[in-house]
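Enquirer: Generate coordinates for the entire structure from the input sequences, incorporating the hints supplied.
Protein chains in written order, with our numbering: chain A, 1 to 382; chain B, 383 to 456.
Simulated from the structure, these hints should not be mistaken for laboratory data.
Treat each hint with caution, since some may be false.
[As the list claims (entries may be wrong)] DSS-like, lysine-lysine: derived pairs with alpha carbons at most 27 Å apart:
hint, chain 1, residue 1, chain 2, residue 2
1, B, Lys441, A, Lys187
2, A, Lys360, A, Lys185
3, A, Lys236, B, Lys441
4, A, Lys97, A, Lys236
5, A, Lys360, A, Lys187
6, B, Lys441, A, Lys256
7, A, Lys291, A, Lys256
8, A, Lys133, A, Lys359
9, A, Lys359, A, Lys185
Bear in mind the structure is a predicted one, so any value in this text is a computation, not a measurement.
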Amino acid sequence: MQRKTIRRWAWVHKWSSLVCTVFMLLLCLTGLPLVFSDEIHDWVGDHIATPEIQHTGPMASMDTLLAAAKSRNPGYVPLYMFRDEDEPLQWTISMGKTADATTGIRYVVMDARTAQVLGEPPAEQGFMYVMFKLHTDLFAGLPGMLFLGVMGLLLVIAIISGVVLYAPFMHKLSFGDIRHQRGEKLKRLDIHNMLGIVTLSWFFVVGATGVINTWADLLVTYWQSDQMAQMIAPYKNLPPPTQFASLQQSMDVAQKTEPDMQLGFIAFPGTGYTSQHHYGIFMRGDTPLTKRLFKPVLIDAQTATLTDSRPLPWYLVALLVSQPLHFGDYGGMSLKWIWLVLDILSIVVLWTGLKIWWKKRHQVMPAIYVDSMAHRMQPHQG
Amino acid sequence: MIRMKHQSLTQIFFWPAVIAVISLAGLIFALVYDDGLEIVANAAVALPVAVAFYYYYLKPDRQSTPKSALKNRQ
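Expert: Below, the structure is given as structure tokens:
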């Protein structure tokens, strides 16, 4: 690597890092509580427990559950029905003023056995909501999300350029050397390099999957115009239904269509994951990986008959697989703690990087980047 | 390409590559396997933490490190 090449990589590393560092610090800090989202909800008493009762009969009908949710929120329409993995005996129905509502959402949590309403947790408020919004879109909706995606891409570039620059720094040092006794500057640089290189895979994976997550809305929109449009083509010019068939019956048809899968969530007619004419019943597998991969079964919402069912396209599979790799919620509590520590180490990498730049900012090209090592390397001759 | 006086690129990147591959494998294995292998996978993901802890707190400062040009430039 020649002096000129090092200068170029140093320029790339400096500017890609500088532009994104403040946002990355924000994301790392807001990500800390989000890793423990479930536990924090438990801790502050937001968690709705399932009552311990003797129940031997069948589960409550989906229609009974839906009716219970509707009776709590007159004038609202159901959006999605889903359940927490940790609470298999609960169903939650989200409701909005209209099927395409993104704000003013209400939640009704019910006992899956008795359809008893267990709680109506407040939405769009509280500490965790603020953390979540700052982490995902800076309270700016899709533009905010895409902006953070661009910052994430800069982080990926900063990581790659950091790996390239690692070599010229380390040719006289052993792996992991930290020069504690040689002053703050060198110590800070060594910490930045050592932590940066050991957390490489994790930071890269979390950064890259975070970028993919920022495209979620765009990917779903594309899927709607692509596969969803093909599946619902016969309904294109029909007026929206006014009478709806039984949800339980629709669910039974979906289960019969995919007998080896189980219900993941239901998208009600008019929401983003289905059409105005269909219950979008999303089935999933039960292995650690396939339980994250859904297969949509579109059931005609007026007749409760099957319209179509197709596996998700590769880009939505990529999105769904990338999500746990970003959240760190797939390996139990121990992985969450590891995520926390790695997150803190990443904050140290960002902070030390920022301080290295700050101390050297008046230099045209920090000696620390170039002069110190370039003369020691000779371009390979032949 | 670089020809270095002391450490080659292979030497410089050997341990970082080993750690990167192990922690990446851990990230993916934890996604695919539950049960017993999950502990192994989580340990692999935690490897960078252990390495960082060792080099920062446990490994003595190498006073014998050759005076680097970095130092000379300060």
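Enquirer: If a hint holds in the structure, say so; if it doesn't, say that too.
Expert: Results for each hint:
1. B:Lys441 / A:Lys187: 14 Å, holds
2. A:Lys360 / A:Lys185: Given pair lysine 360 of chain A, lysine 185 of chain A holds - Cα atoms ~10 Å apart, limit 27 Å.
3. A:Lys236 / B:Lys441: The given pair, whose Cα atoms are some 68 Å apart, is violated under the 27 Å limit.
4. A:Lys97 / A:Lys236: 24 Å, holds
5. A:Lys360 / A:Lys187: Given pair lysine 360 of chain A, lysine 187 of chain A holds - Cα atoms ~15 Å apart, limit 27 Å.
6. B:Lys441 / A:Lys256: 61 Å, violated
7. A:Lys291 / A:Lys256: Status holds; Cα separation ~18 Å.
8. A:Lys133 / A:Lys359: 33 Å, violated
9. A:Lys359 / A:Lys185: 9 Å, holds
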